[in-house]
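Chain order of the listed sequences is A and B.
The first sequence begins at 1 in full-length UniProt numbering and counts up by one.
The second sequence begins at 1 in full-length UniProt numbering and counts up by one.
By construction, these hints were calculated from the structure, which means they are not laboratory data.
Virtual Cβ for every residue (Gly too), placed ideally from N, Cα, C.
It is possible that part of the hints are untrue.
[Said to hold, decoys possible] So, partial list: chain A residues that the calculated Cβ filter (under 10 Å) puts toward chain B:
hint, residue
1, Phe14
2, Lys94
3, Met179
4, Arg197
So the chains spell out like this:
Protein chains: 2
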Amino acid sequence: MENKSLNKHISGQFNAELEDIRNRVLAMGGLVERQLEESLDALASLDAELAQKVIDGDHRVNGMEVSIDEECTRIIAKRQPAASDLRLIITIGKTITDLERIGDACVRIAKAALDKRLNNQQPLLVSIENMGRHATRTLHATLDALARMDADNALELHKEDAKLDKEYEGIIRQLMTYMMEDPRSIPAVLDVLWAARAVERVGDRCKNICEYIIFFVKGKDVRHTSYEDMEKDLNM
Amino acid sequence: MENKSLNKHISGQFNAELEDIRNRVLAMGGLVERQLEESLDALASLDAELAQKVIDGDHRVNGMEVSIDEECTRIIAKRQPAASDLRLIITIGKTITDLERIGDACVRIAKAALDKRLNNQQPLLVSIENMGRHATRTLHATLDALARMDADNALELHKEDAKLDKEYEGIIRQLMTYMMEDPRSIPAVLDVLWAARAVERVGDRCKNICEYIIFFVKGKDVRHTSYEDMEKDLNM
């Protein structure tokens with residue numbers, strides 16, 4: 001995140017605290033990104049060991065959410081921030097909730113990777129892997145936009161969610177056809193379906209984070225707003 | 001919510017502001033509860049008109065989230081609250097996010113009610129209706145606990161989510177069997193499955209709100225904590 005909003009502080013200690021939580025939220029983002037990559041790797045190769053590693057790692061994501069959230073509350077109580085400092089803390093407080101939910105999505109994907117019945121369903125895993133890589137790139141770019149508090153990028157990224165939704169709809173149709181052709185495959189295919197849904201949710205969460213970035217930079221809440229209205233409002 | 005935490009304020013205006021946002025979050029809860037009831041009614045009787053009413057009503061839920069959220073930020077910036085006042089505002093800020101997501105779940109349920117193919121699948125709708133009524137009762141009781149900031153009740157209600165999860169698993173198994181026996185039903189059954197999933201998510205959201213209530217009353221973050229640890233921690 002840019003330092004311009006921080007420079008004006010008289011209190012060096014307050015600066016250090018804001019710097020600390022923004023570093024911590026980026027570290028949490030990095031961890032979640034790794035969890036997403038590994039859960040998708042685990043599903044693509046049905047690697048039970050890697051899947052278990054992702055599932056076991058989720059408690060670290062949860063722990064980071066709770067500790068950053070506590071720190072945000074402590075800073076608000078102690079420093080009584082206003083304007084962009086307050087918006088920064090609120091942005092971080094909301095972002096960590098979405099990062100934690102992306103962590104849950106990774107667990108869901110990893111759990112599908114533990115389903116031994118999928119050994120016979122390799123072709124099904126290809127399209128979800130492609131969609132998963134798209135979601136990973138979106139998350140990576142979203143975290144970049146967060147690191148630089150780049151509202152223009154956030155607005156661009158906001159559109160990725162609609163693309164991911166389209167990919168998801170395609171996968172659901174494909175899985176549906178597959179189940180109708182081979183009803184015995186239904187239990188295994190449902191696991192793929194839950195994983196696909198989890199990947200689609202990653203896109204929703206990234207979209208939320210992009211909205212918080214725009215809120216921080218522009219001081220305007222753009223949730224539940226269409227892309228066109230958002231662009232108009234922000235004069236971009 | 002009890003008034004004891006409010007009584008100590010010298011500023012009558014600040015009191016009025018806190019009173020106002022707690023009334024608004026309860027009004028939002030009432031609206032979401034009605035949306036949930038009507039979406040379930042619409043699905044049980046495949047009433048397309050009622051379903052459309054729920055879908056059209058979602059923007060009101062979204063609007064309430066944004067306006068309450070803005071008011072929370074404004075109060076933090078203007079009043080610089082500490083201790084239980086700050087916890088109240090944080091509790092409300094988190095609660096409205098979950099209420100808004102319950103609103104989204106209602107839209108998902110209402111959309112299933114628009115699926116004409118479900119006319120031939122009435123038996124499938126009975127078990128989801130039962131689960132839905134359970135979720136509605138849980139939401140109603142959660143909003144009651146929120147109105148009275150009752151941590152004991154919140155801790156009790158926290159257990160309902162596990163029961164709803166069990167009901168959900170039963171429904172998924174039932175739907176899976178149904179699809180395997182009659183593959184032509186798959187597209188319609190998937191709509192029921194998404195609706196069941198949405199109902200299950202309502203339970204997750206209620207559990208979150210219960211955790212915020214405990215956070216407000218006890219000043220302790222109990223997210224990602226087991227019921228046993230929570231009970232021990234809180235000495236209940």
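Hint by hint, which ones does this structure get wrong, listed from lowest number up?
-> Checked against the structure, the only hint that fails is number 1, while the rest are satisfied.
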